[in-house]
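Visitor: These protein sequences, in sequence, are chains V and F.
The first sequence maps to residues 1 to 500 in our numbering.
The second sequence maps to residues 1001 to 1051 in our numbering.
Treat the hints as calculated values from the structure; they're not laboratory data.
These numbers were taken from a predicted model, which means no experiment stands behind them.
For each residue, glycine too, the CB sits at the ideal point set by N, CA and C.
Any given hint might turn out to be false.
Computed cross-link-like contacts, BS3-like style, restricted to lysine-lysine with a CA-CA straight-line distance of at most 30 Å [unchecked claim]:
(1) K377(V) x K1046(F)
(2) K458(V) x K30(V)
(3) K1028(F) x K376(V)
(4) K372(V) x K1046(F)
(5) K274(V) x K1028(F)
Restraint ranges, calculated between C-beta atoms of paired labels, are given here [to be verified]:
(6) P493(V) x W1005(F): 51 to 61 Å
(7) V1023(F) x K432(V): 11 to 21 Å
(8) S174(V) x A1042(F): 37 to 47 Å
(9) S284(V) x M1012(F): 20 to 30 Å
(10) Y399(V) x V1049(F): 48 to 58 Å
(11) G15(V) x Y1027(F): 41 to 51 Å
(12) L384(V) x A1042(F): 25 to 35 Å
(13) W465(V) x Y1027(F): 48 to 58 Å
Residues from chain V shown here face chain F by an in silico Cβ test under 8 Å; the list is partial [what the hints assert, rightly or not]:
(14) N46
(15) F76
(16) L208
(17) C292
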Amino acid sequence: MVSHFNWWVDGSIVGLYLLATMVAGLMARKYVARVEDFIVAGREMNVFLGIASLAATEFGIVTCMYAAQNGYDKGFAGSVPGILFAAAMLVVGLTGFCIKPLRDSGAMTIPELFERRFGARIRWLAGVVMVLGGLLNMGVFLRTGGDFLVMVCRMNPTTNVLGHPTETIVVIMSILLVGVAVYTMIGGLLSVLVTQFLQFIVVSVGLLSVTVLVLTNIGWGKLVATVEAHYGAGGFNPFANPTMGWSYVLFNALLNLAAVLTWQTTVSRALAAKDSRTGMQVYSKTSFFFVCRFLIPGLWGIAALAMLSPAEVGGNTLHAMPTFLGGFLPVGLMGILIAAMLAADMSVDSSYMLTWASVIYNDVLAPFRKGKWTEKKGLFVNRLIVAGIGLFLFFYGLYYNPPGDLWTYLGVTGSIYLASLSTLLIACCYWKRANSWGAGGAIILGAVVPIVTLVLQKAGPWTEWVTRNSTLCGSGAFVLAWVAMIIGSLLKPQPQTRTN
Amino acid sequence: MGEHWCWWILTMAAVVWYATITVCVSYKGVHDIKNMLRDLEADHAKKQVNK
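So that you can see chain F by itself, here it is in the shape it has in the complex (with noise of 0.2 Å):
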């Protein structure tokens, strides 16, 4: 580590938040992607109907 303790410590933070960001993403982002979707297709649905 050395004298440039701040560079070690800020590239484990950026290599420990990417991981963790990444398995966060991956298992929420897919939630997200279901609900946009399935509120695209009720709004289109409506919009349908009150033509």
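Bound conformation, chain V alone (with noise of 0.2 Å):
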């Protein structure tokens, strides 16, 4: 197959987002001068940059793939995830459960307003879990977005590099990290927030460009009757599609309340908002944002079932939507959607590496910055800690292989500490009896069944069955948190109050 990526025309749009960017980070540079600054852009962030930066940190090449791949393999019901997640931000960004307190108590991460209730250990431990289940999250990301350039691009598997015959993925994930990491670790949220305004624009025309084609071209009708061909009534309906069921969209429902309420990237636009009714706003704003986060890529993932043979996709669904865009696409939009694509690859990885790297910084290196560092010093290890998590990606990626469905391996990792940090930032918020005895249980007991679950998806007699039920296992997590964090709180003797 042939790709339509002409080094010319393509080459040069993407070369010129490229520029723009950089010089759009690099300049945001000289309004760092604190880890405040840093961290949360110091707390000047306002509604419409804010939905820009939501937006770009929560669409990257990654969501594109396993959207698509959940829409191939599942037709239209693929797209209830992000149906679920869309409703829990609405419910959460016009309430302000959690997130009011959360943003009002001014703390810069979650474990931070742990601490103030459930005591120093607790902040530690969360933060180690987050940043656990963070990583393993996010470790697939970069070898996601390589492999979707390098599809779509019909590049050759191997390259040229100086000489020595290179792996081509290692060269583009090696571009990719170079080029996100310069500007993050320079400045800091400030950055990541100019640039993801740029990105978001760049993602939106890519991705209405290539769906009002796809509709166009191949047709709604088409589209209707390849589901209902392959998938029957299950392709339209999850209760009716024997690979998702009660248990998925349960266990979906769960993570994806979760998230919206302890996800740090998501939660660090409300932390970095206004005040609490800007980050409100952001949210409730934002919600509808999840539903085309899932549907339009969903939509791709099903113009590739209608026309690609299973011949030309191979044995992984994944791969479907990048080999049908690189034959579907004509110069120019191709040009078009590779940027879209590298802004949104770019603008989620800065916005992880930065989050996971703020948590380390802010929550479990806490013991150890007893004597107040100064701001210098701070903003050195944060640059420091952004440098050593995109050395993860990159070895993480290259050597790990997802068993599954990516979507699933995501819920998976993810409930590691959303489970658990979510049960406590409810309990934290508006349950007066919770204490520090069931906060260390739901988070010891929230992280051990997502982790067994990985586990045993890779090794074992039970492997074939633990894949097959991996939703289950994961609503499990969120269950267990819940008990842990009632038994423990109601064990753990009350304080007595003294009486004149």
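Mind assembling these two chains? They're in different frames, but the hints should get you there.
Guide: Dropping the structure here:
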């Protein structure tokens, strides 16, 4: 198959975008003087910049790939996680459930809030599981982004670097990583916010152009008929789909509510907002984006199902959408799509690197910062951590291949901390009896179940069963986290109140 | 449109909403960035004076 990527036309569009991003990202560096500027942009973010930033943070190539895989494998019903996420975000944005007290507390990260209620040990433990779940989760981002670009441009699997034959994916991953790490390390969240504004616009133009082309060239009727022919009613109704069912919907409902409340990259937009009202507006006004985030790439996945034979797709359905687009898009639009996907990937990688770095600095390293570090030293350590995370992304992506579908892998790794920290956050804000015993138990049990699931998916006699029922295991983590919180909190003796 | 009209409506709503929010954010986001950088600069200047 021949790619429609033209190095002169499409390459120029991509080059122009990359240049503009680097310039914008580096220009913001002069406004970074304190750790607070680096981590939460001095808390000066307003509503529309917040919408652009939140949308750009939560839409990367990896999002596009797993949403398209869901569309290819499950039809329209594959968009259900996006609908559930949007519903959760709208409710939280309108009511301020948990995020209002969190923003009002003035904390920079969620574990910082926990210290005030549950003590320093719980803050540290929460930071550790957050980083563990967050890094395992984003570990596949760089590789997936590289895979997409290699496939959509139909590049050769190997290329020559200074006379040495090297895997093309390694070269692409290196370029992506260096590009993102430079401005993230220098300008922190300020650079990320400014570049994400640009990236949001580029991503939107790319996504809308490709979707309009898919709808006009292939047609709604053919997309619906394809889903009908392959999946019947299950392609439209998640409860009628044998690969989904109630356990999939339940797990996704729990997971998405927990992500809205505690996914640090999402919450950091509420924490960087001018005030809690602005944070709530960012949430409610961005909520419908999460339907688009699943439905639009899902349509591309369905289009791949309609246009490609199984032989053209090969064994991995994750590659169906980029393979389809590589041959479907004309010159010019291909450049816009690549620029859009690069923008999407860079915005997600920069934001995630910065977010997990901020948790490592603010919470995991908190016990080692007792003698207060200078702002200069704090900024230097933050930058060092961002660089370390970049290296982790590179090697993890290169050597780890997630089992099953990508969305479920992301869900299970995310629930390492989503199950426990959402429990802690709700209890911290609204249950007076909650205490450190319950919090500790919830963190441990909430993390153990997803970790055991990940291990058993790879080794042992139950590999097939665990892979098939991973969503059930994920829901189990939420239930156990709550059970531990309630039992632990009730078991700990109440402090005696002194009476005169 | 046929019997799966709810998916058709949701798809069209997604395309229209996305196009609208992109135009709004492109216009108003520039003001937000300008204001954010101006406030940060003023904040830093104030702290320098206090030192």
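Visitor: Look at each hint and say if it fits the structure.
Guide: Against the structure, the hints:
Using a Cα cut-off of 30 Å, the hinted pair K377(V) and K1046(F) holds, with the two alpha carbons roughly 22 Å apart. For the proposed pair K458(V) and K30(V), the alpha carbon gap of about 47 Å is over 30 Å, so the pair is violated. With a C-alpha separation of about 34 Å, the suggested pairing of K1028(F) with K376(V) is violated against the 30 Å cut-off. A hinted pair counts as satisfied when its Cα atoms are at most 30 Å apart, and K372(V) with K1046(F) qualifies at roughly 23 Å.
The straight-line distance between the Cα atoms of K274(V) and K1028(F) is roughly 16 Å, inside the 30 Å bound, and the hint therefore holds. A hinted range of 51 to 61 Å holds for the C-beta pair P493(V) and W1005(F), which are about 59 Å apart. A hinted range of 11 to 21 Å is violated for the C-beta pair V1023(F) and K432(V), which are about 47 Å apart. Restraint check, S174(V) to A1042(F): a C-beta distance of roughly 40 Å satisfies the suggested window 37 to 47 Å.
Taking 20 to 30 Å as the suggested C-beta distance range, the pair S284(V) and M1012(F) conforms, at roughly 22 Å. Against the hinted window of 48 to 58 Å, the Cβ-Cβ separation of Y399(V) and V1049(F) comes to about 53 Å, which satisfies the hint. Distance hint check for G15(V) and Y1027(F): the Cβ-Cβ separation is about 26 Å, which falls outside the suggested range of 41 to 51 Å. The given range of 25 to 35 Å is respected by L384(V) and A1042(F), whose C-beta atoms sit roughly 30 Å from each other.
A beta carbon spacing of about 53 Å between W465(V) and Y1027(F) agrees with the range 48 to 58 Å that was offered as a hint. For N46(V), the shortest C-beta to C-beta distance to chain F is roughly 4 Å, which falls under 8 Å, so the interface hint holds. Hint on F76(V) holds. Least Cβ distance to chain F is approximately 5 Å, under the 8 Å limit. Given the 8 Å rule on beta carbons, the hint for L208(V) holds: about 6 Å separates it from the nearest Cβ of chain F.
Evaluation of the C292(V) hint against chain F yields a held restraint, the C-beta minimum of about 4 Å falling below 8 Å.
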